[in-house]
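Please model the entire structure based on the sequences and the hints provided.
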Amino acid sequence: MKLLNKTIQYYFILSMVLLLVAIPVFYFVLRKIVIANIDADLVATKTQLIPRLRVMEIKPGDPNPLLNNDVTLEKSQGRGEASDSLYTSESHRLLSSYLVINQETYRLQIKSSIANHQKLIGSIIILQSVLLILLLAGLLLVNQGLARRIWKPFYQTLRKLRAYKVDDAAPLELGSSAVAEFRELNTAVEQLAERSRKAYVAQKEFAENASHEMRTPLAIFQGKLELLMQTDPLTEEQADLITDLATASQRMARLNRGLILLTRIQNGQFPETEEIDVKRTAEHLLDQYQAQIEQKNLQLEKDWLDDISLTINRTLLEVLLGNLLSNAIRHNIPGGRIVVKLANGAFTVRNTGQPYALPEDRIFERFTKSSADTDSMGLGLEIVNKICALYGFSIHYSYENQYHSFTVQMKS
Amino acid sequence: MKILIIEDEQALGKSIAAYLQAENYTCELAPDRKTALDRIESFDYDCILLDISLPDGNGLYVLQALKENHKTDGVIIISARDSIDDRIKGLQLGADDYLTKPFHLPELSARIAAVIRRRRFSGSSLLEADELTLNTQARTVQVNGQPVELTRTEYDLLLYLLTNRNRVVSKHAIAEHLSADGEGLFDNYDFIYAHMKNLRRKLVSAGWTDRIKAVYGMGYKMEVGA
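Chains A and B are the protein sequences, given in the same order. Here the first sequence is numbered in UniProt numbering, starting from 1 and rising by one per residue. Here the second sequence is numbered in UniProt numbering, starting from 1 and rising by one per residue.
I should point out that these hints are in silico values taken from the structure, not numbers from a laboratory. A few of these clues could be false.
[As the list claims (entries may be wrong)] Listed below are the simulated DSS-like cross-link pairs for lysine-lysine, each with C-alpha atoms no more than 27 Å apart in a straight line:
1) Lys296/A to Lys197/B
2) Lys224/A to Lys2/B
3) Lys202/B to Lys89/B
[Unchecked claim] Far from chain B by the CB rule (all over 10 Å, computed), these chain A residues:
4) Ser83
5) Tyr155
6) Glu236
7) Leu305
Here a beta-carbon is modelled for each residue, glycine too, at the ideal position from N, C-alpha and C.
Written out as structure tokens, the structure reads:
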């Protein structure tokens, strides 16, 4: 939930409670006031009437001009009560008083309708409620607008942070804000971003330097091994040992090349681009891998439904396609199939292989081996992924009907 | 033939020298730029192997010095750096070839041979070994004067073995040499066997005595007279 909505939610709850409590309370208070008012009126009327009634002759049956629907006077049996009583009956307020006229006790009743007042109360309540609701709604709106404006720098920071990548060449700049808290936040975030950027650059430089430094000892190792091969006599046992060493050294060299290629891609060291046809490049690579394809007895199917022309660095395109194609050959089963397809701006390689899907979320990571094969170096797909990211291609892996499939969407 | 190895890593320099001496090259070692400059001023070399990161400065300076002295020694740069910029810079300054560490010694030997052929015989050269004659410009092969039709790969393989004659060439070195991109994406060396079989079959049927020896599972050796 957004912070803005959270505060508004609290405001809303408070408003509702306020409304629900305030309106009944208001109603009862108002009613009390009105009744007190009526009572005062009734008492005043009584005080006014009594002296006039006393002097009037009361003839039963004769209509008395002072009496009407609201004011009644009737003979009372017994002495009656000394004090007046006020009570509510149905929708009326009644005042009954006992008075003695010509030695006879009478009960005087004056009533006043509350109904009229009730209407008034109703109207006042409605008016008040509307006012209150308007006031609260206005408050909410103002608050929301204000909050939106106040939080704007925060959302700006958030947007920039989201777009920021640690491998960006430029440091993160969030700008200044008039609000002290946001200013502090921006400074803290900028410092954090700068620290991680520096750490990233240092790590990248380390990887690059380490890879380069490794090359000379590797060259020495490989050279000595090749001299060792020339020694005479050489037993089969020794030859086997040397072969294993040479294979290991070959792998180290390949790994080293892969790492350096990765850092180069990350450093943007392939700026030259040219117009290249994907189909021709793929065909050329497949020609190169012909021996390997025949070796594994693979069936190759080419589906050139479309040709794509890209403005891209030649080396990188060759590495991209080469890694995908060589993977399809390397991880295939003897007598398996490879289907290469170009359609709708996408390059797809499908191949038979292990009878289970690869972990989709991990295959593009460094050193994720997909098989027990020692010849997978775990860098190929990461390089592919980096090249795709560089040119804005999307890459997708799926496993369907025994086929592992990699699709690179090069043009939408 | 004389080779100057300008390399500050003694162990590597010695390995190169040891491998090349078997091919009747005379090798001299220069561990830094100063020694190298002294040497090239006093002597002529058929080929100079140049490491560009030397303790006393950039090795490219040696290339400039050669140019200024109008020397025509062939130069192969051997470097741990292999960015395209480095390559272009080296080649623009007059280097004949550029080899990135780590490299296979047979590969270096083949490159040296190619540079010397280009320099010495101005591009046209016949390579002879017993009944075999290779025309490295026309890329043709003859056995006892009879032409033999070879595929590109078979020809490359033959030339590679011939320039590394009488030495064991590992299957790794062959695979890397034969893969067109030089990357060697595969650890599968079986395809060499197929090419090797075809090459031997073609040469033998043309009257050649098979002198290619498989050395256990390690590699191959071509035994021919000098």
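If you test the structure against every hint from before, which numbers come out violated?
3, 6
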